[in-house]
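Spelled out from the first residue to the last, the chains are:
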Amino acid sequence: MAECILELKDITKQFPGVTALRNVDFDLHRGEVHALVGENGAGKSTLAKIITGVLQPTEGTIYYEGSPVVWENPRHSIARGIAAIYQEPAIFPDLNVAENIYMGHQPHGSVARNINWRQLYKNTNQLLETLKSNIKAKDKIVGLSIAERQLVEIAKALSINAKVVIMDEPTSALSISESEELFAIVEELKAKGTSIIFISHRIEDIFRVADRVTALRDGYHVGTKAIDQVNLNDLIQMMVGRTVQNLFPKLDTEIGEENLRVEHLSKKGKFKDVSFCLRSGEILGFYGLVGAGRTEVAKAVFGMDPADSGKIFVRGQEHSIPHPQKAIDLGIAYVPENKDEEGIILNMDITSNITLPILKDFIKTGLLDRAAEEATAEQYSKKLDVKASSVKQKVISLSGGNKQKVSLAKWLASRARIILFDEPTKGIDVGAKASVHKFISELAADGYAILMISSELPEIMGMSDNILVMHEGIVKGNFTRSEGSQEKILATALAD
Amino acid sequence: MNDHEDAEGMRGMSNATSRSLFIRFAGLRELGIFIFLLVVVLIISIRSPVFLTLDNIHDIGLDAAILAIVAVGEMMVILTGGIDISVGSGIGLSGMIVALIIMNAWGIPPIVAVFMGTAIGGVLGMINGILVVKAKIPPIITTLGTMSIYRGATFIVNYTVNKGKWVAADRFAPAFRTFTRDTFFLVPNLILITVIIYIIFYYFLNHTVTGRKIYAVGSNPDGARFAGINVSKIMFLPYLLTGMLVGTGGVLWVSRYTSAQTDAAQGFEFMVITAVVIGGVKVTGGSGSIIGVLLGSVLIGVINNALNLVRVSPFWKLAINGFIILMAVIVDKYIQEGVNKRLLERRKI
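Same order as they appear, the protein sequences are chains A and L. Residue numbers are given in the working numbering: position 280 of the first sequence equals residue 280, and the series is strictly consecutive. One rule links them: number in the working numbering = place in the second sequence (from 1) + 496.
Derived by calculation from the structure, the hints in this document are not laboratory data. Treat the hints with care, as some may be off.
Claimed, not checked - As a list, the in silico EDC-like pairs of lysine to aspartate or glutamate whose alpha-carbon atoms are at most 20 Å apart:
id : chain 1 : residue 1 : chain 2 : residue 2
1  : L       : Lys837    : A       : Glu148
2  : L       : Lys729    : A       : Glu72
3  : L       : Lys837    : A       : Asp273
What the hints assert, rightly or not - Sample of chain A residues with no beta-carbon within 12 Å of chain L, all distances over it, derived:
id : residue
4  : Gly31
5  : Thr61
6  : Lys192
7  : Phe207
8  : Leu235
9  : His319
10 : Asn478
Quick reminder that beta carbons are idealized off the backbone N, C-alpha and C, glycines included.
Required output: the full structure, derived from the provided sequences and hints.
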């Protein structure tokens, strides 16, 4: 048995209303790459944050280098040599690359704690050279691509000579050649005796770099296996606990006439020459990596962030959509990804949220008819099965899944016929996911035209009639349901 | 752009051919204010011959000095994404307390009085910092509250000790009365103190670990936490330092105007914030340079002096200050948008 550097025993983490981890055990050997897999919301990122002390476990113990430890905050774990590359960028946009990498542990003098800039820039450039990057120490963050920012994050972890490095979805925004470079770095670290926790839902990455793999599902520890003892199907089985095919029930629908057509839509720095056509009854899947420009296209169509050039046709007629009110009037709805910030207004009740886009329908002799509002809200929250004591309940007190439903109810009430979904199932558990899929599918069957942005390939492949693949702001491929294989779509999304 | 980068950055830029001219100029925000300052000076000196006399320049320097001192503190608070609007009241209160102590003790050397102010101001700043960091009250509300409390306390202290009368010039030792104007190798003490403070804080903000952490916390508070920075401590520090600078400024204010009044420095916070914003400090935090803040303070000093010289009504002065602050923010916004756009264009999407 190899020596353990890190061991987690019986870790439980509760958030208000949600248990993110239940009695999870996890151990990490010296010099191994231990992959952590699971679907969105399985608890991988929570586990990573507990290991680094960003979060504290509700129950359970962490053993590090043989003795139990309590990390009150990341400072403690960093001081002991644990570095993490988080999914969400922890980047300081106002500081340069070198300062970003060494923030908190700059080389400095002992008396006045004055920073040794020469040393700082020298170390940084050396570090970036070992990563074979052409980023320079003094570059500004604003000009860097997602991949380059990721590299800065990796350099940050390397800069503290970490004994344990946690990489949370490090390859999700990297091209294939960039990923290969990353794997080379991982191998090199491993050879030096560094232990690595590698979180990814790109299965091929796992087989490429991992020694062992642990799967989490809905906060439970499903199993830990040596990588040569599992194959692809085993791994998927461990992650989802069922076969993938029947997860996404897209009903057969009759594809009707064209509802939305976008021609040569461009916006400087965001996307270029995007064209597509969306018909009633159709689900158009919009696949790509984070930062590929999909959300920006949807926001442009919805008038939130209008494009610089290009044409938008709604039911055959050309329209300019300079602001969301125009889009709503044309029957376009946008259900944003971040349900807490953009989709709903937390401090208002269910009724006010649902009627917000169509308030002018409820004006009676100059005043709002609250009773009619509540009747409408009642009708739609019933239709979507929103679980609440009444429509007067504030949205902030609802669970995540129910918040999402309110956000959807709002747009159904507005009688939109074209609905743009941005990552509709991100961060919700498997059960809620299935009901969202069912619901979207029913909408299509009712003749709605649906654009669905998703970063989950199985979801895209299971739900969409047609699939549009974007990479770095450009549409790189267009597949029908039967044409698109996982390999083809991924290759297109990653191609440079 | 940070000062330490300016010197080295210029060298780096000359061989980085991809940098557009625009981005290069945007980095030289301080140069922009400096040119604007020169233009203002030129225009005023044509209209008013008194303006460029040695006496008047001396006056501008003394007027701008206390503003500049307090602006350093305000800058650090704004860098972390906060704001401190209690600085005017803080000057009034710390000045008043010290004045009441020294009015009957003429033996206290003026510089000791100044340090007493620093200590008292430090306590006031600490109160702000604790309310913001520990009680988690938004900075604007915290300092709105303490602004009133400190001003009220000034009245109460003054009423209790001195029956509500001003502490007038004749109650102070002669050495204290002339302290700010007295010179040390031809430089007035007030200017000297300001220069020393600027050297210390220039070094602190640009070349120490703690100084750079202030920038990091303002730039991305969550990221700072992930990087293992003690965010509460770094957020607290600027309020404490601002308090100390305010206390220092409060005593200097009493010496400069040779009286301690209950309404001293009322509305001063507005001038301080204006100087910081004109100096190019990002109002949402994370970026800004101390040189910019110094130039911003001088610019405000020059403009206020000039408006006095050409006898503009105080109401117009307020409006003009307001106009300047809005202009500065608008210009910064366009510069930033321009920079971002050009940097994105390099990615050729």
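Original post:
What hint numbers does the structure not satisfy?
Top reply: Hint check: nothing fails, all pass.
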